[in-house]
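S.K.: Turn these sequences into a full structure, and let the hints guide you.
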Amino acid sequence: MVSLLTLANITEEGVRFLSPHDGTPMLLTPEHSISLQNTIGSDIIMQLDDVLVTTSPDHKRMREAMERSVRWLDRCIAAHKNPDTQNLFCIIQGGLDTEMRKECCKEMVARDTPGIAIGGLSGGEAKDDFCRVVKTCTELLPELKPRYVMGIGYPEDLVVSVALGADMFDCVWPTRTARFGSAITKHGVIKIKSSEYANDFGPIEEGCGCACCTKGEGGLGITRAFVHHNVAKETIAAHLLTIHNVWYQLNLMKEARDAIIADEYPAFLHQFFANIYSDKADYPKWAVEALRGVGVDLLSDSNI
Amino acid sequence: MVAPEPDGRAMFKILKGVVGDGVGPRVGTLSLPKRRPIDTPNFIGVTARGAIPHLTPDNVGKRSELGGVYIALEDFMETTRKKTSPPLLEMNSEDIGPLHSFTATPSHMFTVLGARRHPAINSPIGNAKDSISIFTSTGFQKLTNEAYRQCVSKARPDVVIPLADMTYSQTTTFTETKRRTNVTSSKRQLRMVERTEDWLAEFFEPSEDGSEKALPSVFAPLLPVSYATQWEYFNQLEQDFSTKLSGLAVYDVDVLPDLSNHGPLVSLPRLSLDYTATPQEVLRQVQLGVDICTVSFLNGISDAGIALSFTFPPPSNSSAGIRPLGINMWSPEHEVAVKPLVEGCKCYACTKHHRAFLHHLLNAKEMLGWTLLQVHNYQVLSDFFAGIRASLSADPPAFEKGCDDFTKVYDSELPTGTGTRPRARGYHFKSRGGDDKINRPAWEKYGTESDPALAGEMAGLAVTGPAAEGKETPLVPDADAAELDRQGFAEISK
Ligand SMILES: [Zn+2]
Ligand SMILES: [Zn+2]
Numbered sequence: 001m002v003s004l005l006t007l008a009n010i011t012e013e014g015v016r017f018l019s020p021h022d023g024t025p026m027l028l029t030p031e032h033s034i035s036l037q038n039t040i041g042s043d044i045i046m047q048l049d050d051v052l053v054t055t056s057p058d059h060k061r062m063r064e065a066m067e068r069s070v071r072w073l074d075r076c077i078a079a080h081k082n083p084d085t086q087n088l089f090c091i092i093q094g095g096l097d098t099e100m101r102k103e104c105c106k107e108m109v110a111r112d113t114p115g116i117a118i119g120g121l122s123g124g125e126a127k128d129d130f131c132r133v134v135k136t137c138t139e140l141l142p143e144l145k146p147r148y149v150m151g152i153g154y155p156e157d158l159v160v161s162v163a164l165g166a167d168m169f170d171c172v173w174p175t176r177t178a179r180f181g182s183a184i185t186k187h188g189v190i191k192i193k194s195s196e197y198a199n200d201f202g203p204i205e206e207g208c209g210c211a212c213c214t215k216g217e218g219g220l221g222i223t224r225a226f227v228h229h230n231v232a233k234e235t236i237a238a239h240l241l242t243i244h245n246v247w248y249q250l251n252l253m254k255e256a257r258d259a260i261i262a263d264e265y266p267a268f269l270h271q272f273f274a275n276i277y278s279d280k281a282d283y284p285k286w287a288v289e290a291l292r293g294v295g296v297d298l299l300s301d302s303n304i
Numbered sequence: 001m002v003a004p005e006p007d008g009r010a011m012f013k014i015l016k017g018v019v020g021d022g023v024g025p026r027v028g029t030l031s032l033p034k035r036r037p038i039d040t041p042n043f044i045g046v047t048a049r050g051a052i053p054h055l056t057p058d059n060v061g062k063r064s065e066l067g068g069v070y071i072a073l074e075d076f077m078e079t080t081r082k083k084t085s086p087p088l089l090e091m092n093s094e095d096i097g098p099l100h101s102f103t104a105t106p107s108h109m110f111t112v113l114g115a116r117r118h119p120a121i122n123s124p125i126g127n128a129k130d131s132i133s134i135f136t137s138t139g140f141q142k143l144t145n146e147a148y149r150q151c152v153s154k155a156r157p158d159v160v161i162p163l164a165d166m167t168y169s170q171t172t173t174f175t176e177t178k179r180r181t182n183v184t185s186s187k188r189q190l191r192m193v194e195r196t197e198d199w200l201a202e203f204f205e206p207s208e209d210g211s212e213k214a215l216p217s218v219f220a221p222l223l224p225v226s227y228a229t230q231w232e233y234f235n236q237l238e239q240d241f242s243t244k245l246s247g248l249a250v251y252d253v254d255v256l257p258d259l260s261n262h263g264p265l266v267s268l269p270r271l272s273l274d275y276t277a278t279p280q281e282v283l284r285q286v287q288l289g290v291d292i293c294t295v296s297f298l299n300g301i302s303d304a305g306i307a308l309s310f311t312f313p314p315p316s317n318s319s320a321g322i323r324p325l326g327i328n329m330w331s332p333e334h335e336v337a338v339k340p341l342v343e344g345c346k347c348y349a350c351t352k353h354h355r356a357f358l359h360h361l362l363n364a365k366e367m368l369g370w371t372l373l374q375v376h377n378y379q380v381l382s383d384f385f386a387g388i389r390a391s392l393s394a395d396p397p398a399f400e401k402g403c404d405d406f407t408k409v410y411d412s413e414l415p416t417g418t419g420t421r422p423r424a425r426g427y428h429f430k431s432r433g434g435d436d437k438i439n440r441p442a443w444e445k446y447g448t449e450s451d452p453a454l455a456g457e458m459a460g461l462a463v464t465g466p467a468a469e470g471k472e473t474p475l476v477p478d479a480d481a482a483e484l485d486r487q488g489f490a491e492i493s494k
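Residue numbers (the numbering used here), protein chains in the order written: chain V, 1 to 304; chain A, 1 to 494.
Don't read these hints as lab results, they were simulated from the structure.
Computed from a predicted structure; not experimentally measured.
All C-beta atoms in this analysis are idealised placements derived from N, C-alpha and C, irrespective of residue type, glycine included.
Possibly wrong hints are sitting among the right ones.
As a list, the in silico BS3-like pairs of lysine-lysine whose alpha-carbon atoms are at most 30 Å apart [said to hold, decoys possible]:
1. V:280 - V:135
2. V:233 - A:187
3. A:129 - A:142
4. A:346 - A:401
5. A:365 - V:193
6. A:365 - V:233
7. V:280 - V:191
8. A:82 - V:186
9. V:193 - A:154
10. A:62 - V:233
11. A:352 - V:254
12. A:154 - V:254
13. V:215 - A:129
14. A:62 - A:13
Label-pair ranges, simulated between beta-carbon atoms [said to hold, decoys possible]:
15. V:218 - A:126: 43 to 51 Å
16. V:300 - A:82: 42 to 50 Å
17. A:82 - V:289: 40 to 48 Å
18. V:24 - A:352: 28 to 36 Å
19. A:356 - V:294: 52 to 60 Å
Just a sample of chain A residues kept apart from chain V, beta carbon distances all over 10 Å, derived [unchecked claim]:
20. 13
21. 17
22. 49
23. 54
24. 58
25. 82
26. 90
27. 97
28. 102
29. 131
30. 139
31. 146
32. 167
33. 238
34. 244
M.R.: Written out as C-alpha cells, the structure reads:
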C-alpha cells in the first residue's frame with residue numbers, strides 16, 4: 001500500500017486531500033463522509049477511519065490513529081441519518097499490536113454497530129501477523145454480527161480468514177489480475193499471457209461453471225488460446241478473465257459455506273491446499289500455523 | 001475445390017429493387033447456411049483479433065442485432081520462434097468450425113473472412129506476384145495465395161473474400177475517407193487487376209492434394225480502381241465464375257453503377273469494404289446498391305467516447321438547427337446528466353444507465369464505459385439500417401427524400417472525442433517509424449508528481465479502508481510478461 005500520508009493530511013477534524021478532479025484542497029470529515037454515503041444509499045456504509053499502514057514503526061502515531069478512529073466512529077454514528085435502512089460498519093484499527101487491537105475491539109463493539117470491519121490490513125505485513133490480528137479481533141467480536149476483513153482477496157487468505165472467523169471480504173485483486181492476463185484456478189494462478197497457452201484449446205479452467213468456460217446453452221466455450229490471443233491486445237481478454245475470476249471467487253466462498261454447513265470445513269481446507277501444492281512441504285508456513293491455531297492440522301493425513 | 005452450395009442467387013433474395021436495371025438501392029434477405037437470415041441493406045460488425053472491440057461474445061449475441069462479422073486472417077497469423085503455426089489453424093472443431101469456435105462467435109451469426117484488417121495498414125514491403133504482405137502483431141509477413149486457400153479451408157468461415165492485390169493508406173484515422181484511391185500509377189493499377197484475376201482463378205482450382213473440399217461462400221473482390229481499368233476482370237467474373245460466386249466484396253462503391261453491364265453479377269449480394277467516415281457516406285453506399293456495409297467508423301467512434309445520436313429518417317422538426325451526429329461523452333456537461341445517451345433509444349446502455357455514469361466511467365478509464373458505448377452505437381446503426389429498409393419498402397419509397405433530409409438536418413462530420421482512448425496498441429499503428437503512440441504509456445513510474453487516479457483512490461481509501469495495494473492498473477497493461485513480473489502482482493508461488 002502506498003502511504004496515505006503522501007497525499008492526505010489527517011487532523012482531528014478530518015482528512016485533508018487534493019481533489020482528484022482539479023487538485024483543490026478538500027476536507028473530508030466523519031460527518032461529511034456519512035452524509036455522502038447517506039445520499040448514495042448503499043446497504044452498508046463505512047465509518048471514516050484514521051488508517052496507517054500496519055507496518056508503520058511509529059507506535060505513538062498508531063495509537064493516535066486507533067483512538068481517533070473510535071472518536072470518529074462516535075461522530076459517524078451521530079451523523080448517520082438512515083440507521084433503519086443503511087448499516088454502518090465500524091472499522092477496527094490498531095496495526096499489528098495485539099493489545100491495541102483488543103482495546104479497539106472493546107471500544108467499538110460497545111458502540112453496537114450492525115457490522116464490524118477489521119481494517120488496516122493487506123498493507124504488506126507478514127502473513128502470520130495478518131492472521132494473528134484477524135484471530136485476535138474475531139475472538140472478541142460478537143457472534144451475530146458480520147465480520148468484514150477489508151482488502152482481502154487471495155484465495156488462500158480467504159479460506160484461512162474464514163477459518164479464523166471472518167465472514168466477508170472485498171478486494172480488487174481478482175479483477176486486477178484478470179486485466180494483467182491471469183486466471184485464478186483451484187490449482188493456482190496461471191498467466192494466460194504465457195506462450196504455453198497459445199495452442200491450449202481447453203477452457204480457462206476445466207470444470208469451471210462460469211459463462212466463459214461452459215459450452216452450449218448460455219456458455220461461450222472460450223479457450224485459453226483465444227484469451228491468450230487477445231491478452232494485452234484487446235480489452236475483451238480482460239473482460240473474459242474478469243468473468244472467470246469473479247465466478248471463481250464467488251464459487252470458492254459458496255463451497256466454503258457448504259462445507260461449514262456440512263461440518264466439513266477442515267476437510268475443505270485440506271483439499272484446497274492439496275489442489276494447489278502437490279507436496280505438503282510447499283504449503284505456506286503462515287497458513288499451516290494459523291490453521292493449527294484453530295485446530296486444523298494441514299500437515300496431518302487425516303482430514304478431521 | 002468444388003463450387004459452393006447454395007450459390008449466391010439461392011442465398012440472396014432481392015425483395016425489391018428500386019431501379020429497373022438492378023443497380024441502385026434494393027431490399028433483400030441474405031440467408032447463409034446454418035445462420036440466421038439478415039434483412040438487407042444491413043451492416044456487419046468489424047472485429048479486431050476476432051472480437052468486436054469491448055464486447056464479449058455473449059453481449060454481442062444478446063445486446064446487438066448483428067447478423068454477421070468481418071474477421072481478418074492477419075489478426076491470427078503472427079508467428080514467433082516458439083510458435084510457427086497459428087493456433088487458429090491448429091484447432092480441431094468438427095461441429096462448429098474453427099473460426100466460429102476459436103472466436104466464440106454466436107452460432108446464429110455468419111463470419112466473413114478476409115486477409116487484411118478493415119481498415120488495413122499498408123506494408124512497406126508491398127505485394128508480390130504470388131503473395132500479399134500482411135501485418136501481424138509480430139510484424140509483416142508474406143501470405144501466398146495458396147497458403148490463404150489452405151487457411152480458409154481449415155478455418156471454415158461462412159464467407160470468404162479471395163485475395164486482392166491492394167495498396168492501402170498509411171493511416172488508420174477513422175475520420176479519413178477515400179484512402180484507397182491513392183494508387184495513381186496506371187501501371188500499378190493494371191497489375192492490381194491482373195494479379196487479382198489470377199489469384200481468383202487459382203482460388204477455384206482443385207487443391208494440390210486433389211481432395212475436393214467444400215469452399216465457403218465466395219465473395220469476389222471488386223477493386224478500388226476505375227471501371228475502365230478492371231472491366232476485363234468483370235467480364236471474367238461474369239463469364240467464368242458467376243455460378244461459383246455467392247457475392248461481391250466491393251472495395252470502392254463507385255464501380256457499382258457499371259455492374260449493369262454485367263447482368264449475371266447484378267443479382268449477387270454486395271458487401272462493401274469501402275470506407276465510411278460518416279452516416280451520409282453509408283447512405284451513399286446504399287444509394288449505389290450496397291446490400292451489406294462494414295461501418296468502418298463505428299469502433300473508432302466508440303473508442304473516441306462518442307455516443308451516436310442520428311436516426312433515419314431524420315427528425316422532421318428541423319427548427320432545432322443543424323443536429324450533431326453524435327455526443328461527446330467526455331464533455332463536462334454530462335457530469336450530472338441523469339438521462340439516457342439518446343432519449344428513446346432501446347439499447348442496454350440507454351435503458352439501464354445514464355450520461356453521468358458514462359461520463360464518469362470514461363474519466364475513471366473504466367473499460368465498462370467503452371463497452372456501454374459500443375452497445376449503444378451498434379444499436380444506433382441497427383436502427384439506422386432498419387429505417388433505411390423501411391423507407392425503401394415504403395410505397396411510395398421514401399428513401400431518397402430521407403437521404404436529402406438527412407444531409408439537411410445533420411452535421412456533415414462526426415464529432416471528435418476529447419479524451420484518451422482505450423487499447424491504442426502500438427501494433428495497430430506501427431506502419432511509420434518514429435510515430436508517437438496515440439496514448440501515453442500506461443506504465444509510468446510513480447513519482448512525486450500527483451497522479452489524479454491515485455489521489456482518487458486514496459480519497460476512497462480514507463473512507464473505505466485499504467481496498468488496494470497500490471496504483472490501479474491501466475486498462476490493458478502496455479508491458480511484456482517480464483515487466484509485469486517486476487511490477488509484482490500476486491501469484492501463488494509454486
Ligand atoms: Zn471459468
Ligand atoms: Zn442507446
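S.K.: Could you run down the list of hints and mark each one as holding or not?
M.R.: Each hint tested on the structure:
1. For the suggested pair residue 280 of chain V and residue 135 of chain V, the alpha carbons sit about 24 Å apart, so the restraint of at most 30 Å is met.
2. For the proposed pair residue 233 of chain V and residue 187 of chain A, the alpha carbon gap of about 38 Å is over 30 Å, so the pair is violated.
3. Between residue 129 of chain A and residue 142 of chain A the alpha-carbon distance is near 11 Å, which keeps this suggested pair within the 30 Å criterion.
4. Simply put, residue 346 of chain A and residue 401 of chain A have alpha-carbon atoms about 26 Å apart, close enough for the 30 Å limit, and the pair holds.
5. Proximity of residue 365 of chain A to residue 193 of chain V is assessed by CA-CA distance (about 22 Å); at most 30 Å being required, the pair is judged to hold.
6. About 16 Å separates the Cα atoms of residue 365 of chain A and residue 233 of chain V, which keeps this hinted pair within 30 Å; it holds.
7. Taken as a hint, the residue 280 of chain V and residue 191 of chain V pair is honoured in the structure, with Cα atoms around 23 Å apart against an allowance of 30 Å.
8. Distance check on the hinted pair: residue 82 of chain A and residue 186 of chain V sit about 28 Å apart at the alpha-carbon level, within 30 Å; holds.
9. Between residue 193 of chain V and residue 154 of chain A the alpha-carbon distance is near 25 Å, which keeps this suggested pair within the 30 Å criterion.
10. As the CA atoms of residue 62 of chain A and residue 233 of chain V are separated by approximately 24 Å, the hinted pair is consistent with the 30 Å bound.
11. Only pairs whose Cα atoms come within 30 Å are accepted, and residue 352 of chain A paired with residue 254 of chain V is accepted, the gap being roughly 29 Å.
12. Proximity of residue 154 of chain A to residue 254 of chain V is assessed by CA-CA distance (about 42 Å); at most 30 Å being required, the pair is judged violated.
13. For the hint linking residue 215 of chain V to residue 129 of chain A, the alpha-carbon distance of about 44 Å lies beyond 30 Å, and the restraint is violated.
14. This hinted pair checks out: residue 62 of chain A and residue 13 of chain A have alpha carbons roughly 27 Å apart, not beyond 30 Å.
15. Under the hint 43 to 51 Å, the C-beta atoms of residue 218 of chain V and residue 126 of chain A, about 47 Å apart, fit the expected range.
16. In this structure the hint that residue 300 of chain V and residue 82 of chain A lie 42 to 50 Å apart at CB holds, the actual value being about 43 Å.
17. Between residue 82 of chain A and residue 289 of chain V the beta carbon distance is about 41 Å. The supplied range of 40 to 48 Å therefore holds.
18. Hint check: residue 24 of chain V to residue 352 of chain A, Cβ distance near 33 Å, so the stated range 28 to 36 Å holds.
19. Between residue 356 of chain A and residue 294 of chain V the C-beta distance comes to about 47 Å, which lies outside the given range of 52 to 60 Å.
20. Once the 10 Å rule is applied to beta carbons, residue 13 of chain A is consistent with being away from chain V; the minimum gap is 31 Å.
21. Residue-level check passed: residue 17 of chain A sits 39 Å from the nearest beta carbon of chain V, beyond 10 Å.
22. The Cβ of residue 49 of chain A does not lie farther than 10 Å from every Cβ of chain V; its closest approach is about 5 Å, which violates its non-interface assignment.
23. At roughly 5 Å from the closest C-beta of chain V, the C-beta of residue 54 of chain A falls inside 10 Å, breaking its exclusion from the interface.
24. Some Cβ of chain V comes within 10 Å of the Cβ of residue 58 of chain A; the nearest lies about 6 Å off, and the non-interface call is violated.
25. For residue 82 of chain A, the non-interface assignment is contradicted: its Cβ lies about 5 Å from the closest Cβ of chain V, within the 10 Å cut-off.
26. Against chain V, the non-interface label of residue 90 of chain A is violated: not every CB pair exceeds 10 Å, the least being about 5 Å.
27. Even its closest Cβ contact with chain V, about 12 Å, leaves residue 97 of chain A beyond 10 Å, as expected for a residue assigned away from the interface.
28. With a least CB separation of 6 Å from chain V, residue 102 of chain A falls inside the 10 Å interface cut-off, contrary to its annotation.
29. Residue 131 of chain A, annotated as away from the interface, keeps every beta carbon of chain V farther than 10 Å; the closest lies near 24 Å.
30. Once the 10 Å rule is applied to beta carbons, residue 139 of chain A is consistent with being away from chain V; the minimum gap is 14 Å.
31. Here residue 146 of chain A stays apart from chain V, with its beta-carbon at least about 23 Å from theirs, past the 10 Å limit.
32. Non-interface status of residue 167 of chain A relative to chain V is upheld: no Cβ of that chain comes within 10 Å, the nearest being about 26 Å off.
33. Residue-level check passed: residue 238 of chain A sits 40 Å from the nearest beta carbon of chain V, beyond 10 Å.
34. Residue placement check: residue 244 of chain A keeps its beta carbon more than 10 Å from all beta carbons of chain V (closest about 32 Å).
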